[in-house]
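**Student:** Here are the chains, one letter per residue:
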Amino acid sequence: MSDRRAPRQTFVGAGLFALALSACTLLSAPAHAADAGKPANTLQSLAELDGKAPSRRQLNVQSWKTAEGARVLFVEAHELPMFDLRLTFAAGSSQDGGTQGLSTLTNAMLNEGVAGKDVTAIAQGFEGLGADFGNGSYRDMAVASLRSLSAADKRQPALKLFADVVGKPTFPEDSLKRIKNQMLAGFEYDKQNPAKLGANALSAKLYGSHPYAFPSDGNAKSIPGITQAQLRAFHAKAYAAGNTVIALVGDLSRSDAEAIAAQVSAALPKGPALPAPAQPSEPKPGITHIDYASKQTHLMLAELGIDRNDPDWAALSMGNQILGGGAFGTRLMSEVREKRGLTYGVYSSFTPMQVRGPFTINLQTRAELSEGTLKLVQDLLADYLKTGPTQQELDDAKRELAGSFPLSTASNASIVGQLGAIGFYNLPLTWLEDFMQQSQALTVEQVKAAMNKHLAADKLVIVTVGPKVPQKPLPPPTEKPADQPLGVPEH
Amino acid sequence: MKALARRAAGLLLGTLCLPLAAMAADTQPTHEFTLDNGLKVVVREDHRAPVVVSQIWYKVGSSYETPGQTGLSHALEHMMFKGSAKVGPGEGSRILRDLGAEENAFTSDDYTAYYQVLARDRLPVAFELEADRMASLRLPPEEFAREIEVIKEERRLRTDDKPNAKAFELFSAMAYPASGYHTPTIGWMADLERMKVEELRHWYEAWYTPNNATLVVVGDVTVDEVKGLAQKYFGAIPKRATPPAKLPLELAEPGQRQLTLHVATQLPSLIYGFNVPGLATAQNPRSVHALRLISALLDGGYSARLPSRLERGQELVAGASSGYDAFTRGDSLFLISATPNVQQHKTLADVEKGLWEQLDELKSTPPSAAELERVRAQVIAGLVYDRDSISSQATTIGQLETVGLSWKLIDRELDELKQVTPKDIQDAARTYFTRERLSVAHVLPEESAHE
Numbered sequence: 069m070s071d072r073r074a075p076r077q078t079f080v081g082a083g084l085f086a087l088a089l090s091a092c093t094l095l096s097a098p099a100h101a102a103d104a105g106k107p108a109n110t111l112q113s114l115a116e117l118d119g120k121a122p123s124r125r126q127l128n129v130q131s132w133k134t135a136e137g138a139r140v141l142f143v144e145a146h147e148l149p150m151f152d153l154r155l156t157f158a159a160g161s162s163q164d165g166g167t168q169g170l171s172t173l174t175n176a177m178l179n180e181g182v183a184g185k186d187v188t189a190i191a192q193g194f195e196g197l198g199a200d201f202g203n204g205s206y207r208d209m210a211v212a213s214l215r216s217l218s219a220a221d222k223r224q225p226a227l228k229l230f231a232d233v234v235g236k237p238t239f240p241e242d243s244l245k246r247i248k249n250q251m252l253a254g255f256e257y258d259k260q261n262p263a264k265l266g267a268n269a270l271s272a273k274l275y276g277s278h279p280y281a282f283p284s285d286g287n288a289k290s291i292p293g294i295t296q297a298q299l300r301a302f303h304a305k306a307y308a309a310g311n312t313v314i315a316l317v318g319d320l321s322r323s324d325a326e327a328i329a330a331q332v333s334a335a336l337p338k339g340p341a342l343p344a345p346a347q348p349s350e351p352k353p354g355i356t357h358i359d360y361a362s363k364q365t366h367l368m369l370a371e372l373g374i375d376r377n378d379p380d381w382a383a384l385s386m387g388n389q390i391l392g393g394g395a396f397g398t399r400l401m402s403e404v405r406e407k408r409g410l411t412y413g414v415y416s417s418f419t420p421m422q423v424r425g426p427f428t429i430n431l432q433t434r435a436e437l438s439e440g441t442l443k444l445v446q447d448l449l450a451d452y453l454k455t456g457p458t459q460q461e462l463d464d465a466k467r468e469l470a471g472s473f474p475l476s477t478a479s480n481a482s483i484v485g486q487l488g489a490i491g492f493y494n495l496p497l498t499w500l501e502d503f504m505q506q507s508q509a510l511t512v513e514q515v516k517a518a519m520n521k522h523l524a525a526d527k528l529v530i531v532t533v534g535p536k537v538p539q540k541p542l543p544p545p546t547e548k549p550a551d552q553p554l555g556v557p558e559h
Numbered sequence: 128m129k130a131l132a133r134r135a136a137g138l139l140l141g142t143l144c145l146p147l148a149a150m151a152a153d154t155q156p157t158h159e160f161t162l163d164n165g166l167k168v169v170v171r172e173d174h175r176a177p178v179v180v181s182q183i184w185y186k187v188g189s190s191y192e193t194p195g196q197t198g199l200s201h202a203l204e205h206m207m208f209k210g211s212a213k214v215g216p217g218e219g220s221r222i223l224r225d226l227g228a229e230e231n232a233f234t235s236d237d238y239t240a241y242y243q244v245l246a247r248d249r250l251p252v253a254f255e256l257e258a259d260r261m262a263s264l265r266l267p268p269e270e271f272a273r274e275i276e277v278i279k280e281e282r283r284l285r286t287d288d289k290p291n292a293k294a295f296e297l298f299s300a301m302a303y304p305a306s307g308y309h310t311p312t313i314g315w316m317a318d319l320e321r322m323k324v325e326e327l328r329h330w331y332e333a334w335y336t337p338n339n340a341t342l343v344v345v346g347d348v349t350v351d352e353v354k355g356l357a358q359k360y361f362g363a364i365p366k367r368a369t370p371p372a373k374l375p376l377e378l379a380e381p382g383q384r385q386l387t388l389h390v391a392t393q394l395p396s397l398i399y400g401f402n403v404p405g406l407a408t409a410q411n412p413r414s415v416h417a418l419r420l421i422s423a424l425l426d427g428g429y430s431a432r433l434p435s436r437l438e439r440g441q442e443l444v445a446g447a448s449s450g451y452d453a454f455t456r457g458d459s460l461f462l463i464s465a466t467p468n469v470q471q472h473k474t475l476a477d478v479e480k481g482l483w484e485q486l487d488e489l490k491s492t493p494p495s496a497a498e499l500e501r502v503r504a505q506v507i508a509g510l511v512y513d514r515d516s517i518s519s520q521a522t523t524i525g526q527l528e529t530v531g532l533s534w535k536l537i538d539r540e541l542d543e544l545k546q547v548t549p550k551d552i553q554d555a556a557r558t559y560f561t562r563e564r565l566s567v568a569h570v571l572p573e574e575s576a577h578e
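Listed in order, the protein sequences are those of chains W and Z.
Count along the first sequence starting at 1, add 68, and that's the number in this note's numbering.
Count along the second sequence starting at 1, add 127, and that's the number in this note's numbering.
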């Protein structure tokens with residue numbers, strides 16, 4: 069099966085059945101304060117915690133290069149009789165070279181044909197072994213993955229098929245036509261998705277003529293003209309071994325892993341790593357409104373952020389966590405949702421990429437309150453930049469980070485994801501540890517300085533999507549301050 | 128990235144994926160016990176990492192609600208974060224956040240569940256907070272006044288401004304004429320507008336009792352440890368009788384129903400739903416497992432019939448999928464949805480014809496051995512893959528228990544599916560894929576309204 073992201077799942081079908089269950093998950097976020105106003109927390113269990121940082125799964129990350137130059141990262145995990153293999157290529161839309169959507173189309177076509185097998189035969193091959201093939205393409209990276217049982221009679225044929233699919237795809241014409249049509253249908257669906265419309269406009273405003281300006285799946289004008297020859301050429305350079313990171317986790321010995329990496333690497337085209345795109349230039353701040361008939365208005369605010377190797381990443385990540393990075397109790401969530409009931413959720417994030425990725429704030433609110441809400445969010449950002457986090461906020465965020473660390477490596481799926489990112493962005497193998505240490509050492513001043521170095525309240529690029537309706541003033545906030553939890557131990 | 132891959136393996140199993148151990152790995156020790164107050168506890172040991180998930184499942188959801196009071200279960204879920212005897216509004220979330228825990232809740236038609244994922248040494252905090260709000264929820268009116276506005280935003284975001292979600296809500300209301308599955312979990316907007324905090328108080332008092340809940344713990348724990356903690360924190364909460372809960376039963380053959388909707392969509396699509404039993408209501412469980420296999424044959428992967436024949440072979444649809452949740456408290460629906468391939472000038476009528484050809488073939492011709500073998504291979508592997516996630520294991524256990532089945536079904540899963548014969552599949556198709564059981568929705572772009 070394929071989990072290609074562009075065409076298939078945009079359709080009703082994929083979304084519908086999830087609805088019944090997912091309609092109502094989530095997010096009763098905390099509210100401030102309230103009633104008796106007293107620090108009611110009398111939790112016995114909290115008082116009994118010993119205050120040490122929790123233990124976590126120790127990862128022995130092994131790394132080497134294949135003969136063809138692919139970087140390999142491997143973690144042995146024998147508890148379950150399965151393994152995960154993830155190939156990450158610097159083959160996202162930032163490598164499209166003016167043919168928008170070429171990268172996504174190439175990635176989506178990988179499993180459409182190999183010598184002697186058409187798309188259905190390939191799918192039957194994986195599915196008959198119980199193996200999951202996955203693929204996806206983004207701004208910087210393209211991914212191809214395999215999850216399989218580790219028993220040799222399943223593993224070997226699954227790997228052989230996987231190596232053919234990623235290394236020697238034939239890009240058959242009939243499939244190309246069909247996938248293009250599906251992508252075109254996907255663009256039609258995008259027109260009913262105000263979040264997508266807004267996100268596309270935001271990227272365009274933020275990045276101008278830089279490759280990050282364009283949606284990674286191209287558009288209705290760019291896709292139809294892409295040829296088989298262009299796919300072949302893109303595959304030959306962007307899916308080359310030297311442009312690939314191989315992450316492996318699971319029930320494999322070191323020698324198994326070496327053999328798998330060698331097999332996959334040898335199947336890929338030969339060639340070096342592709343250069344990263346140029347850094348983007350500063351955008352012009354301002355507001356763009358897209359008129360759209362909906363009940364809510366989507367508000368999207370952005371600035372240029374950082375690349376993945378920026379030394380300020382730990383400080384910015386911490387600063388963002390406090391501003392709007394977590395679900396509960398962030399500054400944005402407290403003020404916009406908990407004190408005023410204006411939105412279901414408001415989140416901020418840095419997305420560090422090969423070159424400067426975006427910093428964004430996203431929310432939706434009822435249309436008649438959208439102007440007031442936008443102003444509120446801008447004021448909250450300005451205030452945060454001006455004053456920085458409080459010592460209490462920073463201490464809490466550090467505890468949270470230390471406490472959540474064990475969750476980040478609890479499953480094979482999460483480990484393979486971490487390895488892929490470490491490999492792709494050329495981070496040291498000790499990166500998880502380093503990040504934790506840097507984060508725990510941060511001071512209020514350092515966080516504030518880093519946020520102000522990279523963000524400014526008057527540099528926001530803003531896109532709003534919604535109906536034009538007469539505006540109302542915001543309801544007054546509840547003024548009772550939040551109870552800070554007492555007795556959370558230090559660690 | 129995972130969503131569609133999971134879908135392929137998972138659909139076969141309805142919305143959940145049952146981890147079975149028998150194949151290639153040793154069974155993970157799983158234990159169950161019940162406290163004196165009726166709280167059932169299921170513990171599954173998974174010692175791969177020093178983390179644990181704790182989930183509490185209440186047997187209440189939107190299918191328990193009555194007209195005029197829709198959305199109560201979900202609104203109560205939101206208010207469960209607004210303070211109890213030992214913590215103020217939002218404080219529990221902040222405590223858990225500072226401990227690095229992931230926490231959340233979800234409401235469905237059959238259940239309301241709350242969970243925490245955290246480092247193993249913090250489990251007592253999760254228990255104490257969960258027990259406190261089971262016993263002593265505050266429900267402050269001023270918090271409710273703000274939270275109901277958040278819930279309305281949630282409805283606008285997830286339903287009202289999402290044409291396909293809105294269509295599916297209306298479709299469900301038509302396809303379940305008799306049972307509480309008619310009701311959207313988030314509630315109709317008119318009911319949210321008039322909801323009172325007193326109603327939530329009654330709902331809470333009626334259903335949030337230890338004897339109406341199941342606590343599921345999966346992770347780096349021992350049963351003795353969990354037993355001690357469960358007794359310590361939940362043991363003193365008194366048992367209380369709950370109202371009688373009737374299974375959501377449907378009319379077997381309500382007759383064909385048709386809905387035509389014009390929504391803000393660019394492309395037409397259709398939804399089919401056949402009224403069928405679930406595992407909890409079926410006279411013959413074999414027929415339910417046959418329907419599960421049918422769903423896998425149609426859509427259990429990229430080589431299945433809908434993608435290989437309708438999407439690729441005939442190029443009739445741009446996309447199509449099937450779904451069948453057998454693990455419901457009451458009767459269920461067998462669902463198919465599809466979007467015509469408009470580039471090939473296919474219409475909804477063409478798609479309906481193509482779908483009926485597939486359904487009729489299931490009645491007339493048994494599936495090939497190779498097809499069934501592929502399905503089985505995916506089940507076997509899926510049972511192993513699901514064990515990579517402690518949350519997915521806990522969810523499977525919790526859902527089975529909450530809809531009135533047993534988590535021990537997990538161990539019988541493969542056998543049950545193996546017993547289904549090609550003839551069972553044909554019989555199920557003949558019984559259930561009839562016009563009398565069918566609801567159809569045509570979801571059309573708005574401009575068609577003026578044609």
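Keep in mind that a hint or two might mislead.
To be verified - Below, a list of computed lysine-lysine pairs in the DSSO-like style, where the Cα atoms sit at most 27 Å apart:
no.	chain 1	residue 1	chain 2	residue 2
1	W	K407	Z	K323
2	W	K259	Z	K545
3	W	K536	Z	K293
4	Z	K373	Z	K213
5	W	K120	Z	K359
6	Z	K293	W	K264
7	Z	K213	W	K407
8	W	K185	W	K264
9	W	K363	Z	K293
10	W	K185	W	K273
11	Z	K545	Z	K490
12	W	K120	Z	K354
13	Z	K213	W	K363
14	W	K120	Z	K480
15	W	K245	Z	K480
16	W	K466	Z	K354
17	Z	K323	W	K540
FYI, nobody ran anything at the bench for these hints, they're computed from the structure.
**Student:** Give me the numbers of the hints this structure contradicts, sorted from smallest to largest.
**Tutor:** 2, 4, 8, 10, 13, 14 and 16
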